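**Student:** Sequence:
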Amino acid sequence: MSQIKPLEGELFSPGYGLAICLLLILLYTRRLYGVTSPHIPKLPPGPRSLPLIGNLHQIPRQNHWKTVQQWHEIYGPIISFRLGQRVAVSLGSHWAARQLLSRRGNACDSRPRLVVAGDCINKGLHPFLLPYGSRWRLHHRIQLELLAPHRIRSYRSLQDIESRQLLYDMLSSNDFSSHLRRYTASLVFTLAYGKRIDTLDREEINEAHQITEKVAQAANQMGNLVVEAFPVLDYLPGFLAPWRRIGNQFYERTLSFFTHQMLQGQRSPTWNWTKHVIEMKESETLDTKEIAYLLGALYEGGSETTAAAIEIFVLACVLHPECVKHAQIELDQVVGSNRLPCFSDKAHLSYICAFTKEVLRWRPLTPLGVPHAPTQDIDFLGYHIPAGTTIFPNNWTIDQDNEVFEDSCAFRPSRWLEEPSLPLSTFGFGRRACVGKVLAENSLYLVISRLLWGYNISRAVENGLKVHVDPWNMKQGIISAPAPFRADFQVRSEDHGAVIKFEWESAEKDGDLIMSKINSAVEK
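Numbering-wise (the UniProt record's numbering), the sequence shown opens with residue 1 and increments by one.
Any given hint might turn out to be false.
[Claimed, not checked] Quick list of in silico lysine-lysine cross-link-like pairs, DSS-like style, CA-CA up to 27 Å: (1) K275 <-> K437; (2) K346 <-> K357; (3) K281 <-> K524; (4) K437 <-> K509; (5) K501 <-> K517; (6) K214 <-> K289; (7) K66 <-> K475.
[To be verified] Here are the in silico distance ranges between beta carbons for each label pair: (8) L424 <-> A347: 17 to 25 Å; (9) A410 <-> A347: 46 to 54 Å; (10) I329 <-> K123: 47 to 55 Å; (11) Q476 <-> G388: 21 to 29 Å; (12) V461 <-> L263: 45 to 53 Å; (13) S173 <-> Q264: 24 to 32 Å.
Bear in mind the hints are in silico, worked out from the structure with no lab data behind them. Nothing here was measured: the structure is a model prediction, and the numbers come from that model. Backbone N, C-alpha and C define an ideal beta-carbon position, used for all residues, glycine too.
Produce the entire structure from the sequences given, and follow the hints as far as they go.
**Tutor:** Now the structure itself:
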């Protein structure tokens with residue numbers, strides 16, 4: 001695989017500096033001669049902005065969603081602000097997000113143009129970033145076919161095998177983050193390409209994770225953020241646009257990885273998503289790059305987001321042992337100690353289901369939300385939202401709304417039992433909602449129930465003292481996950497340990513055979 005040079009040193013490279021200087025001269029000249037950003041009447045309220053830069057100076061690079069939450073506290077559930085040339089609207093209540101993004105037809109189903117993340121790094125190929133239109137609808141139909149309810153039911157057998165290995169691996173190592181990453185990567189990789197990832201040192205895990213990490217790093221780099229705020233910079237010649245060179249490096253590496261895995265999937269002796277997509281009539285108008293990106297995006301999104309959610313679950317466990325105890329009491333009553341929890345137990349494990357929902361609410365995976373963009377001007381609750389506005393369903397503010405979630409900062413699974421109709425914003429809104437929602441929910445249920453069944457999860461101990469864990473220290477990236485922390489996993493009893501060993505040692509581990517059975521189940 002090709003290598004990308006580290007980004008250190010690029011932050012204030014001569015190319016970025018000169019580009020920004022030219023931008024400032026251009027903007028100053030425009031303002032000097034009275035050419036300013038047009039005034040948009042009846043925008044939602046928000047913080048006062050400065051000429052040219054808008055509110056960029058007020059938004060920190062770390063935990064920026066908390067700043068936007070503070071603005072919501074001042075200006076209400078629907079606010080606006082400016083990011084350089086861009087107008088942004090943030091929705092701080094679930095009601096507002098649902099009304100605008102889910103009940104306005106396709107008016108808000110597009111995505112804003114992203115110069116670096118969309119055009120430079122992915123060349124407009126990433127399905128997640130496609131604008132609303134015929135191309136996106138085609139990709140969406142293919143994704144829905146792969147994730148149809150009858151197919152997702154057949155995938156449970158693979159989730160069962162991968163979670164058995166996860167429990168077994170945890171018997172000999174507390175490196176939960178690596179084992180969780182293997183679990184989520186192997187699950188989606190096997191579905192996408194027909195090949196299990198059974199060890200931590202497999203290149204597929206490391207390469208995909210590095211690509212995701214470095215793309216997030218690039219997207220959060222100050223120079224690139226300036227380009228997103230002022231898309232006019234993209235018209236500069238190449239020697240003044242280092243983001244294009246960096247984007248090309250990422251694109252070549254990502255495309256190489258996705259294409260290589262797609263070719264491997266085609267050669268697999270058994271059914272997988274790659275083979276299925278290539279044989280679909282809908283794929284006849286897609287070229288090789290588009291198919292590679294479609295499959296790669298499913299793998300990338302399905303593995304990274306689920307791994308982050310389970311890490312948040314572990315964080316909740318070490319900080320709230322009383323909730324762990326409550327969950328284990330329910331598991332002991334429903335399941336006992338002689339077998340693993342399974343999907344048929346779910347209807348009887350109400351606290352486990354509540355625990356899972358609270359994990360997703362307590363620390364949102366995408367705190368500021370996944371941006372939408374209206375394709376036409378919209379009038380909403382007396383406000384005017386122009387076409388092309390970047391609209392954020394602000395999950396952090398939505399999920400920390402004390403009017404909806406009493407004592408919202410607290411981790412309290414019981415709230416979902418007391419009020420089952422509480423809203424959950426994790427999987428998005430409207431037609432752009434996560435197509436893998438049910439697959440992700442199944443994975444989270446099975447892993448969370450089995451880890452709580454088999455292990456006592458607590459703070460790590462060093463020199464006789466519990467190691468401190470910061471509940472608010474989250475990594476900044478495309479997906480928000482806890483910063484690295486330590487946890488102690490101790491098997492609950494000899495009986496639990498014996499079941500874990502037996503279930504893994506007696507399991508069918510042959511990926512080809514597992515996938516053949518999945519295909520047979522779907523075709524019945």
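**Student:** Against this structure, judge whether each hint is valid.
**Tutor:** Now for the hints, and whether the structure bears them out:
1. With a C-alpha separation of about 23 Å, the suggested pair K275 and K437 falls inside the 27 Å cut-off, and the hint holds.
2. Pair hint K346 plus K357 holds up; C-alpha atoms about 13 Å apart against a cutoff of 27 Å.
3. Distance hint between K281 and K524 is fulfilled; the C-alpha atoms sit about 21 Å from each other, no more than 27 Å.
4. Restraint check: the Cα-Cα separation between K437 and K509 comes to about 26 Å, which is no more than 27 Å; the hinted pair holds.
5. Our distance criterion of 27 Å between C-alpha atoms is met by K501 and K517, whose separation comes to about 24 Å.
6. Taking the CA atoms of K214 and K289, the gap is near 21 Å; set against the 27 Å cutoff, the hint holds.
7. Distance hint between K66 and K475 is fulfilled; the C-alpha atoms sit about 14 Å from each other, no more than 27 Å.
8. Separated by about 19 Å at the C-beta atoms, L424 and A347 satisfy the suggested range of 17 to 25 Å.
9. For the hinted restraint 46 to 54 Å between A410 and A347, the CB-CB distance of approximately 27 Å leaves it violated.
10. A hinted range of 47 to 55 Å for the beta carbons of I329 and K123 is consistent with their spacing of about 53 Å.
11. One distance hint, 21 to 29 Å for the beta-carbon pair Q476 and G388, holds here, with the actual separation near 26 Å.
12. About 48 Å separates the C-beta atoms of V461 and L263, a value consistent with the hinted range of 45 to 53 Å.
13. Checked against the hint of 24 to 32 Å, the C-beta distance between S173 and Q264 comes to roughly 28 Å, which is consistent with it.
In this structure, only the earlier hint numbered 9 is contradicted, and the remaining ones agree with it.
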